[in-house]
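Enquirer: Each chain, written out:
Number of protein chains: 2
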Amino acid sequence: MGLRNEMIRCAQAAKGASRVAAELAAKQKNKILSKVAKEMLKQSQAIVRANQKDLAMARARRLTDAAMDRLTLTPDRIKHMAKAVLEVEKLSDPVGRELAAWKRPNGLRISKVSVPLGVILIIYESRPNVTSECASLCLKSGNAVILRGGKESFHSNLAIVRVYEKALRSCGIKASVVSLIQTSDRNAIDELLQLDELINLVIPRGGEALIRRVAENSRIPVVKHYKGICHVYIDREADLEMAKKIAYNAKCQRPGVCNAMETLLVHRDIAEKVLPDLGRIYRNAKCEVRGDALTRKYIPWASKVTEKDWATEYLDLILSIRVVKNMEEAIDHITKYGSAHTDAIVTRNRMAAETFVLKVDSSSVMVNASTRFSDGNEYGFGAEIGISTDKVHARGPMGLEGLMSYKYVVRGNGQVRT
Amino acid sequence: MGLRNEMIRCAQAAKGASRVAAELAAKQKNKILSKVAKEMLKQSQAIVRANQKDLAMARARRLTDAAMDRLTLTPDRIKHMAKAVLEVEKLSDPVGRELAAWKRPNGLRISKVSVPLGVILIIYESRPNVTSECASLCLKSGNAVILRGGKESFHSNLAIVRVYEKALRSCGIKASVVSLIQTSDRNAIDELLQLDELINLVIPRGGEALIRRVAENSRIPVVKHYKGICHVYIDREADLEMAKKIAYNAKCQRPGVCNAMETLLVHRDIAEKVLPDLGRIYRNAKCEVRGDALTRKYIPWASKVTEKDWATEYLDLILSIRVVKNMEEAIDHITKYGSAHTDAIVTRNRMAAETFVLKVDSSSVMVNASTRFSDGNEYGFGAEIGISTDKVHARGPMGLEGLMSYKYVVRGNGQVRT
Numbered sequence: 001m002g003l004r005n006e007m008i009r010c011a012q013a014a015k016g017a018s019r020v021a022a023e024l025a026a027k028q029k030n031k032i033l034s035k036v037a038k039e040m041l042k043q044s045q046a047i048v049r050a051n052q053k054d055l056a057m058a059r060a061r062r063l064t065d066a067a068m069d070r071l072t073l074t075p076d077r078i079k080h081m082a083k084a085v086l087e088v089e090k091l092s093d094p095v096g097r098e099l100a101a102w103k104r105p106n107g108l109r110i111s112k113v114s115v116p117l118g119v120i121l122i123i124y125e126s127r128p129n130v131t132s133e134c135a136s137l138c139l140k141s142g143n144a145v146i147l148r149g150g151k152e153s154f155h156s157n158l159a160i161v162r163v164y165e166k167a168l169r170s171c172g173i174k175a176s177v178v179s180l181i182q183t184s185d186r187n188a189i190d191e192l193l194q195l196d197e198l199i200n201l202v203i204p205r206g207g208e209a210l211i212r213r214v215a216e217n218s219r220i221p222v223v224k225h226y227k228g229i230c231h232v233y234i235d236r237e238a239d240l241e242m243a244k245k246i247a248y249n250a251k252c253q254r255p256g257v258c259n260a261m262e263t264l265l266v267h268r269d270i271a272e273k274v275l276p277d278l279g280r281i282y283r284n285a286k287c288e289v290r291g292d293a294l295t296r297k298y299i300p301w302a303s304k305v306t307e308k309d310w311a312t313e314y315l316d317l318i319l320s321i322r323v324v325k326n327m328e329e330a331i332d333h334i335t336k337y338g339s340a341h342t343d344a345i346v347t348r349n350r351m352a353a354e355t356f357v358l359k360v361d362s363s364s365v366m367v368n369a370s371t372r373f374s375d376g377n378e379y380g381f382g383a384e385i386g387i388s389t390d391k392v393h394a395r396g397p398m399g400l401e402g403l404m405s406y407k408y409v410v411r412g413n414g415q416v417r418t
Numbered sequence: 001m002g003l004r005n006e007m008i009r010c011a012q013a014a015k016g017a018s019r020v021a022a023e024l025a026a027k028q029k030n031k032i033l034s035k036v037a038k039e040m041l042k043q044s045q046a047i048v049r050a051n052q053k054d055l056a057m058a059r060a061r062r063l064t065d066a067a068m069d070r071l072t073l074t075p076d077r078i079k080h081m082a083k084a085v086l087e088v089e090k091l092s093d094p095v096g097r098e099l100a101a102w103k104r105p106n107g108l109r110i111s112k113v114s115v116p117l118g119v120i121l122i123i124y125e126s127r128p129n130v131t132s133e134c135a136s137l138c139l140k141s142g143n144a145v146i147l148r149g150g151k152e153s154f155h156s157n158l159a160i161v162r163v164y165e166k167a168l169r170s171c172g173i174k175a176s177v178v179s180l181i182q183t184s185d186r187n188a189i190d191e192l193l194q195l196d197e198l199i200n201l202v203i204p205r206g207g208e209a210l211i212r213r214v215a216e217n218s219r220i221p222v223v224k225h226y227k228g229i230c231h232v233y234i235d236r237e238a239d240l241e242m243a244k245k246i247a248y249n250a251k252c253q254r255p256g257v258c259n260a261m262e263t264l265l266v267h268r269d270i271a272e273k274v275l276p277d278l279g280r281i282y283r284n285a286k287c288e289v290r291g292d293a294l295t296r297k298y299i300p301w302a303s304k305v306t307e308k309d310w311a312t313e314y315l316d317l318i319l320s321i322r323v324v325k326n327m328e329e330a331i332d333h334i335t336k337y338g339s340a341h342t343d344a345i346v347t348r349n350r351m352a353a354e355t356f357v358l359k360v361d362s363s364s365v366m367v368n369a370s371t372r373f374s375d376g377n378e379y380g381f382g383a384e385i386g387i388s389t390d391k392v393h394a395r396g397p398m399g400l401e402g403l404m405s406y407k408y409v410v411r412g413n414g415q416v417r418t
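Here the protein sequences line up with chains L and G, keeping their order. To convert, note that position 347 of the first sequence is 347 in UniProt numbering; the numbers rise steadily by one, no gaps. To convert, note that position 317 of the second sequence is 317 in UniProt numbering; the numbers rise steadily by one, no gaps.
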């Protein structure tokens with residue numbers, strides 16, 4: 001009961017703070033963010049020291065090199081983090097926008113106005129810069145945020161949250177607009193996920209296991225993507241040079257991210273023309289290829305692909321390739337094995353492109369572009385709080401807009417219903 | 001396990017059908033809806049006969065007169081239902097709208113295009129016309145719908161769904177775009193609510209108990225409002241004639257609905273001028289009044305209001321009244337006891353109105369208009385599938401737009417990420 005009460009108190013404080021945050025003028029929010037950036041640079045050494053505590057414990061726990069790297073904060077990375085806060089400051093204020101307005105025959109003027117969601121709970125894993133990213137975006141969008149980071153980055157996260165707290169206080173705001181869950185009790189998450197009357201949205205950021213655990217236990221709406229099994233389909237009428245460039249980029253430019261391609265689908269009529277070259281390209285990139293029988297005809301060193309491969313997010317230099325007899329088969333494959341994240345077609349045929357766009361039910365559909373563009377910054381949102389493969393609320397890369405709701409405002413001059 | 005499998009099969013069929021529905025052209029959907037309206041009139045007698053079976057059972061179960069009335073279908077009501085389908089036909093197609101479009105510096109053209117949500121589950125109580133309302137709106141918006149009506153209206157619902165099935169088949173569509181859960185097993189709902197990979201959205205329509213049960217057991221996102229505790233605040237600078245008209249209308253015009261006023265808040269500086277008249281008005285309307293001490297000073301026949309009253313949705317000719325010392329106190333009252341449904345201010349002071357609009361965190365905020373206007377039809381949506389007091393996905397009255405999601409379409413000419 002101690003933990004439950006502690007979490008309720010924390011969420012109640014955040015709910016109260018969300019009313020303060022919602023009413024902050026754009027100027028005030030920008031002033032706070034600018035103070036955050038300054039304070040972050042000023043406290044750079046303190047943050048590095050806090051981070052070193054985390055790194056020492058991580059070393060003792062024998063984290064992988066990749067995990068250690070994600071966890072590490074250097075003065076340079078802190079500079080970058082402060083710069084990112086200033087980028088958020090520059091974004092236009094998403095609160096109070098008139099999304100639509102119209103007048104009714106009875107004279108009522110109705111407008112749909114953007115308002116903050118309220119309290120956002122972010123549950124994330126080791127990268128401590130997520131702390132600042134999320135805090136700045138929630139603040140800019142007039143929301144209060146409750147942060148629950150991984151225990152590996154606890155001291156780093158706390159040092160970063162202290163920077164936000166100091167900036168808020170120096171602007172006269174005492175409310176818990178940005179708060180960090182400090183208990184190490186793993187049940188804290190489950191307690192928070194029950195508080196649907198206090199918290200408006202949960203965004204889990206991390207591996208599939210974390211996200212599933214959150215989604216399965218939450219009474220609060222969750223926006224999420226479990227994984228990114230992204231496809232590129234090379235159509236019969238593709239520009240083959242373009243196709244090779246895209247197929248290389250989508251897989252190899254940064255294989256460890258959710259918008260990297262995991263499966264390449266090739267129309268059988270051009271398989272002979274494109275697969276041998278692609279085989280060379282992937283071999284040079286040290287990318288393992290797992291293919292069906294026809295693929296292996298053109299890339300003899302490829303290993304046999306299994307049913308399981310089609311449904312696997314490798315997040316690595318591994319690619320599965322299937323030769324399909326037509327676009328329908330490609331779309332069926334994507335429907336069956338895809339994760340509705342991002343799928344691309346390479347084709348010069350406009351009708352094929354439009355059919356693909358219509359029939360592929362994914363949050364982002366690309367025509368003649370790499371799946372790697374599916375990203376809030378690449379879409380011009382200026383920031384990304386997450387990517388959703390759900391259909392409710394926000395879908396695809398989410399910027400500030402994903403943190404907004406709206407209200408209807410109806411202005412009359414005494415109208416009553418008859 | 002039998003029930004679970006049956007529900008999974010039903011949801012899988014709906015998911016398959018949702019792909020068919022999503023690709024239907026506006027013309028096809030309108031043709032189907034027009035056939036539905038025709039067929040409904042043609043089968044009017046059969047529907048009445050089915051309804052009589054329900055009525056006979058309801059009589060045996062001793063339903064209240066009000067419940068019997070809600071359940072009853074007459075040839076006239078069926079005509080009205082068919083007409084409502086034609087109204088939905090006339091609405092513009094919400095699918096495939098370009099919600100936004102922009103070009104990136106690298107030449108990528110990004111557009112945000114509306115797409116159907118997929119499969120909608122509607123859980124509702126006795127009124128059988130909800131069956132047709134929901135089926136027509138889901139069809140128009142390119143969604144598949146699973147309907148779970150109350151057992152009292154089972155035969156009526158089935159007869160109405162048969163009309164939709166026949167119209168769909170006659171247009172060559174065999175898929176389960178509109179389906180009705182036919183088992184009487186009450187656990188069917190709980191089984192369906194687990195199928196978050198097959199069903200995209202749940203809309204419970206009915207009493208608070210039903211809605212709470214759905215929200216508590218669902219792994220699928222739910223849009224809902226538990227209740228409507230709507231307030232009217234009469235400001236010190238209100239036009240008093242307007243205030244009385246609105247305060248009467250909001251309470252008495254139709255007290256049994258969610259957008260009727262339950263609590264009236266009156267600024268103390270004008271209480272003396274407005275409450276005695278309102279007392280007469282409510283007495284003439286046979287509306288019971290429960291007031292705080294100051295209210296009872298001006299309406300001596302009013303009974304004492306209790307803390308519980310402030311949080312009660314009467315849905316009846318009962319009103320609680322509180323005299324507040326200023327607008328802040330009114331807003332605090334609304335924040336504490338309101339249900340974020342609809343709240344109104346009556347004032348001539350523009351600044352007061354804008355402060356109220358900003359600070360009242362409800363899905364609809366009215367200025368100088370009756371709360372009764374909070375309604376999809378009154379907002380000009382042409383139809384209403386529900387009202388949401390949640391902040392995620394849809395908020396306030398929901399028309400076709402509330403049944404839509406979107407996808408990002410990115411068109412390039414070979415762009416890759418560097």
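The hints are simulated quantities; they were obtained by calculation from the structure and are not laboratory data. A quick note: this is a predicted structure, and the numbers were derived from the prediction, not measured. Mixed in with the good hints there might be a few duds.
Since the list gives no way to pick out one identical chain from another, each pair is judged satisfied if it fits inside one copy or across any two copies.
Dumping the calculated BS3-like pairs for lysine-lysine here, alpha-carbon to alpha-carbon at most 30 Å [what the hints assert, rightly or not]:
1) Lys151 <-> Lys174
2) Lys336 <-> Lys244
3) Lys308 <-> Lys15
4) Lys103 <-> Lys174
5) Lys53 <-> Lys103
Enquirer: Give a verdict on every hint.
Expert: Evaluated hints:
{"no.": "1", "hint": "Lys151 <-> Lys174", "result": "within (26 Å within a copy, 53 Å between copies)"}
{"no.": "2", "hint": "Lys336 <-> Lys244", "result": "within (25 Å within a copy, 61 Å between copies)"}
{"no.": "3", "hint": "Lys308 <-> Lys15", "result": "between (44 Å within a copy, 23 Å between copies)"}
{"no.": "4", "hint": "Lys103 <-> Lys174", "result": "neither (41 Å within a copy, 41 Å between copies)"}
{"no.": "5", "hint": "Lys53 <-> Lys103", "result": "neither (60 Å within a copy, 45 Å between copies)"}
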